[in-house]
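Visitor: Chain residues, written in single-letter form:
Number of protein chains: 2
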Amino acid sequence: MSDPFVVIGGDAAGLSAASKCKREAPDREVIVFEKGRWVSYAHCGEPYFVKGEVEKLENLLSLTPEDVAERDIDLRREHEVTAVDPDAETVTVEGPDGEVDQPYGDLLVATGARAVTGPIEGTDLDGAFPLHGLDDAAAIRAFLLDPSEDALADVGGQDFVDRERVERFGAMMPPETAAIVGGGYVGVEMAEALSAHGLDVHVFQRSGHLISPFGEAVGEAVAEELREQGVTLHLGEEVDRLAGDGRVERLECAGGTALDVDLAVVGVGVAPNTGLLEGTGIELGEDGAVAVDEYGETARDGIYAAGDCAEDDHTVTGEPAWVPLGLTANRAGRAVGATVAGDPTPVGEVAGTAVVKAFEQECGRVGLLEDGAEDAGFDPVTETITAGSRSGYYPGAVETTVTLVADRDSERLLGGTIVGTDRAAVRIDTVATALEADMTVGELERTDLAYAPPFSPVWDPILVAAKVLNGKLKD
Amino acid sequence: MSDPFVVIGGDAAGLSAASKCKREAPDREVIVFEKGRWVSYAHCGEPYFVKGEVEKLENLLSLTPEDVAERDIDLRREHEVTAVDPDAETVTVEGPDGEVDQPYGDLLVATGARAVTGPIEGTDLDGAFPLHGLDDAAAIRAFLLDPSEDALADVGGQDFVDRERVERFGAMMPPETAAIVGGGYVGVEMAEALSAHGLDVHVFQRSGHLISPFGEAVGEAVAEELREQGVTLHLGEEVDRLAGDGRVERLECAGGTALDVDLAVVGVGVAPNTGLLEGTGIELGEDGAVAVDEYGETARDGIYAAGDCAEDDHTVTGEPAWVPLGLTANRAGRAVGATVAGDPTPVGEVAGTAVVKAFEQECGRVGLLEDGAEDAGFDPVTETITAGSRSGYYPGAVETTVTLVADRDSERLLGGTIVGTDRAAVRIDTVATALEADMTVGELERTDLAYAPPFSPVWDPILVAAKVLNGKLKD
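In order, the protein sequence lines correspond to chains S and V. Numbering follows our numbering, with no gaps: position 461 of the first sequence is 474. Numbering follows our numbering, with no gaps: position 448 of the second sequence is 461.
Calculated directly from the structure, the hints in this document are not laboratory data. Please note that the accuracy of each hint is not assured.
Example chain V residues on the side facing chain S (calculated, C-beta under 10 Å, incomplete) [said to hold, decoys possible]:
1. Cys-57
2. Leu-73
3. Val-336
4. Arg-347
5. Ala-367
6. Ala-445
7. Ala-450
8. Arg-459
9. Val-471
10. Leu-476
Far from chain V, by Cβ distances over 12 Å, these chain S residues were calculated [stated by the list, open to error]:
11. Pro-17
12. Arg-50
13. Ser-225
14. Glu-233
15. Thr-245
16. Glu-262
17. Gly-268
18. Gly-282
19. Val-283
20. Ala-389
21. Ser-423
Backbone N, C-alpha and C fix where the C-beta goes; we use that ideal spot for every residue, glycine too.
Construct the entire structure; sequences and hints are all you get.
Guide: Listed below in C-alpha cells is the structure:
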C-alpha cells in the first residue's frame, strides 16, 4: 500500500481533490492538513454575509468537518505544514500536539492566496480589515451591530469563529464612515454591503478605473452605479496610511486627501501562498504561483498544486497564467484527485471568466482585453456596443454594453466584457464558450443564439458586438 | 445596370436583405413586394400585445414603410407575387392597379410561413383565431375589451389594421372561457396572455407533453407552472371540431371531451409558404421549404430564399433542416442582401435555439434531443440534472433543470434544454455556442464559465450536467 495522498489546505481545491480521490480509490489513505479552523468555505459569499443577505457564517460552509469525516478523509484542522521535503517525500506539520514528519505518496499543495496590503501603513489598526476569511467577515459584521445586540448569536459559526474578536468588535459603537481601499471586485461588493447598513461609504482606487480587469466600459458603468447609490468615489487617489490611536480614525492619501473614517476595508490584492515551497526546488511562475503541467503536477513526480496558489494554462494564450478563481480551484482540485486515484484528468484551462454584482449592475469579463492581448503578442481590435437586453417593445428592456476583442490577422476572438442590469452577467458564458473553442468573430456572429422578446432581442447584444467587430475587421 | 433585386415578402428576411443590399450597393434598385399592409413586424411579440404588456400594435413594427422608403427601398405593399418565371427572370405581381410582370436580376423568396389548422373543423368560426399576424392579435385584443371601450384606439396601428375586424370584435361581449388548441410555444404564451385578462383558460394538446420540441423535462415543468397559474390542461386530447352558430360556442375532442368556450386560439403548427414556386422547378425540401446552398441560393442562379420559407443547414447534422426562427430569418436575409450586393456571405447554420417564457418559468432548447438525434443516426446518451441557479446560501437560488444529449462514440454534444425561474433561458446560449463549435461533452465540462454567488454556483447548472453526462459516457 502506497503512502497517503497528503493535501495541504482544506478549502476548495484541497477538499475537492481529497473527495474525488476517496470516491475513485476508497482504499487510498487521504490526509488533509488545514492550518486554520475553517474548511471548505465560500470566500465569495463574504460580502453578502456582511451585507446581511446571508444570515449565518455556517451558511457559507460547503462542507462541515463532519461531512469531510463521512467521506473517510482524515482532516486535521489547526495543523500547519511548515516544510516540504521532496527528496524524503515528507511534509513537516505543526499541530496542537507538536511537530511531526508525515510521509506522502502524492502531495497536493492547495494553500490558496493571501491578502496583500501593499505599502499602506496602519492596516493593523483595529477597524481595518483585509476581508480575507470568515473571521474577518464575522468581525466586520459584529462591528456593524449595535453593542446591545448579541454579536456571537448574530454572526453564527460558533464552533469555528474567533469568539474573542467577534465579541470585541460587537461591543464597539458601530462605524458610520467606511473607507474601502481598492476598487476591485471585493471593494465593489463591499461598497454595496456597507451601504446596505447605512454607512457613508468611500471607495479609494489608485488607478482611474474601478474593477480594472473588466475594462473601461464596465468600470465606467460601475462607477456611475456606485455614485447613483450614494457611494463616494476617490479615483486616482493612492492611499498612503490609515491613522489612529489603536483604532482607525483617519485615512490619508499620497496626494493630500484625508478623510475621517471608523472602518476601513483594504482589498488591494492577493498573492499566492507559496512561501512554504521556498528552497524545495519546485518552480514558481512570475507571479509566485506554482508552475504545473496540464494535470496540475509540478516538475517533481507526485507533487501537485491546484487552486489559488497555482498557475493554469490560459485558454487564449495557451501559456501559464495565475488567475485565482473559485471554479478553477474546484475543477483543478477534482482533476488532481482523479489523477492521483489512477484516472489521469487534465485540470482544464482558465479563461479568467469573472462576474460581479455592483448594486443593480451585472458585470462580466473573460479572456484578454486590449492590454492583455497586446502583452500576449496579439494585434487586438476592440469594439464596444450598446444594445437592448430584450426586444425594444417588451417591458424591462435595458441597455447592455458589450466589448469584444479580436486579433486583427487571425480574426480570432480574444476576450470580452458585458455590463447591464438585465441578465447581463451570465451572457458572458457565451463568450467564454467561444474562447474555449478558439472561435473567430465571424463564427460567433453566425452562432444561433436564443431570441424571445422577454429575454433577448433578435440580435442578442453579444451578436451585435460580434457583427460590428467583424465589420471593423473586414474594413 | 442590371435588373433590380426583387424581394418577395416584406418581413424579417425580406427587409433585412433589402436593407443590407442597399447599404452595400446603394445604386442597385431594390423592390420589395408585400401582399399585406404590414411590414417588418415582430410576430413573436403578439402574445405580449394580447396580454397588454405591449401597448400598441405599432410598438411591434421594427420598421415603418417610411423607414423603408428612407433606405431608398421601393416597397410596394398590397402587391402579391402570384408567379415566378425563372427562365424569363420575371415575377408576376398583382397590385391595386392590376397585374404586371416585373423583371429581376436577383430574386429573394421571403414569403414566410403560414398557420395550419390541421384537420380541425370550425376554425373559420368567429372567435376562433390562428394568431398569425397582427390583424389576428388586434382582433383578439379587441374581443377582450368591454364594448364600451374604443377598440381602435386601444389596439393602435390605425394606418394598417383591419379596422372593420377590430370594431366588430370590439363590439362583442368579452369572452370568459378560452380554449388554446395546441400546446406549443405560442399556446403556452397565449395561456399566460389570456390568463392575465382573467379568462378561464384551457390548453388542449394532442400529445402528452407541452412544447414538445423542448423535451420532457421542460414540458413537465411548464405543465406544472401552467396548472399552478390556474390554467386547465387537457393533455393527450385531440381536438376534433369547434362548433357554434357563426360564433365559437363549443369545443369537441375526438375522445368525447367537450367544453363550452367563447374564444379559441388554434396554434397547431405552421408550414412554409412556398405554393408560389410550384411548377418552377425550384427544389423544395421534405417539409416543403425551399432548398438552398450555404449562401441561401437555390439551384437556379440568382434565385435565393431566406427566412421561414427556406431550409438552412443544421449546426449539428450539417444536413438541410426547416427550423423557422426569427434570428435565422434576419441573419439569412442580411447575408443574402450582402451576397447580392457583391460580398458573398454565408447565411449561417441553424441550431434550433429557442427560448420561451411560460409565466415565471424560463425555458430554452437547442440542437438535437434524444429522438432527433436517433433520427439523424447518432447513438444518443441523455442526462437530466437539477442544480441551483445561484450559490445555495444566496437569496433567490432556485432549482434549474438541464438536459444534455451527446453521441456515445464521439462524445460530441448534440443538444440540450434548460428550465428554471432564475435567468435560465439565456444560459442555453452556452450550449448553442458549444454546438456551433462541435464541442465534446468533456470540452464543455472544462469550459471556464462564470461564477459569483448572485448569478451562478461554482458549478453552473450546465457544467453540472456536462460533468454528470461525461461520467455516464465514461462508464
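Visitor: Work down the list of hints and note, for each, if the structure agrees.
Guide: Results of checking the hints against the structure:
1. A least Cβ separation of about 5 Å between Cys-57(V) and chain S falls short of the 10 Å threshold, and the interface hint therefore holds.
2. At its closest, the beta carbon of Leu-73(V) sits 6 Å from a beta carbon of chain S; the interface hint therefore holds under the 10 Å criterion.
3. Checking Val-336(V) against chain S: minimum C-beta separation of about 9 Å stays under 10 Å; hint holds.
4. Checking Arg-347(V) against chain S by beta carbon gives a least distance of about 9 Å; that is within 10 Å, so the hint holds.
5. Residue-level restraint check for Ala-367(V) holds (minimum Cβ-Cβ distance to chain S is 7 Å; threshold 10 Å).
6. Taking 10 Å as the C-beta cut-off, the interface hint given for Ala-445(V) holds, the closest approach to chain S being about 6 Å.
7. For the restraint placing Ala-450(V) at the interface with chain S, the shortest Cβ-Cβ distance is roughly 3 Å, inside the 10 Å limit, so the hint holds.
8. Hint status for Arg-459(V) relative to chain S: holds, with the closest Cβ pair at about 4 Å, below 10 Å.
9. A distance limit of 10 Å between C-beta atoms decides the matter here; for Val-471(V) the minimum to chain S is near 5 Å, and the interface restraint holds.
10. Taking 10 Å as the C-beta contact cut-off toward chain S, the hint placing Leu-476(V) at the interface holds, the least distance being around 8 Å.
11. Once the 12 Å rule is applied to beta carbons, Pro-17(S) is consistent with being away from chain V; the minimum gap is 26 Å.
12. At roughly 19 Å from the closest C-beta of chain V, the C-beta of Arg-50(S) stays outside 12 Å, upholding its exclusion from the interface.
13. For Ser-225(S), the condition that its CB be more than 12 Å from all CB atoms of chain V holds, with the nearest at approximately 17 Å.
14. Against the 12 Å criterion, Glu-233(S) stays outside the reach of chain V, whose nearest CB is about 20 Å from its own CB.
15. With a cut of 12 Å on Cβ distances, Thr-245(S) stays outside the contact zone with chain V, its closest approach being about 24 Å.
16. Once the 12 Å rule is applied to beta carbons, Glu-262(S) is consistent with being away from chain V; the minimum gap is 33 Å.
17. Chain V leaves Gly-268(S) outside its interface by the beta-carbon criterion, the shortest separation being 33 Å against a cut-off of 12 Å.
18. Every CB of chain V is more than 12 Å from the CB of Gly-282(S) (nearest about 19 Å), matching its label as outside the interface.
19. With 12 Å as the threshold on Cβ separation, the claim that Val-283(S) sits away from chain V holds: the shortest Cβ distance comes to roughly 16 Å.
20. Consistency note on Ala-389(S): stated as away from chain V, and its beta-carbon is indeed over 12 Å from all of that chain's, at 17 Å minimum.
21. Every CB of chain V is more than 12 Å from the CB of Ser-423(S) (nearest about 16 Å), matching its label as outside the interface.
Going through the hint list in order, the structure satisfies each hint without exception.
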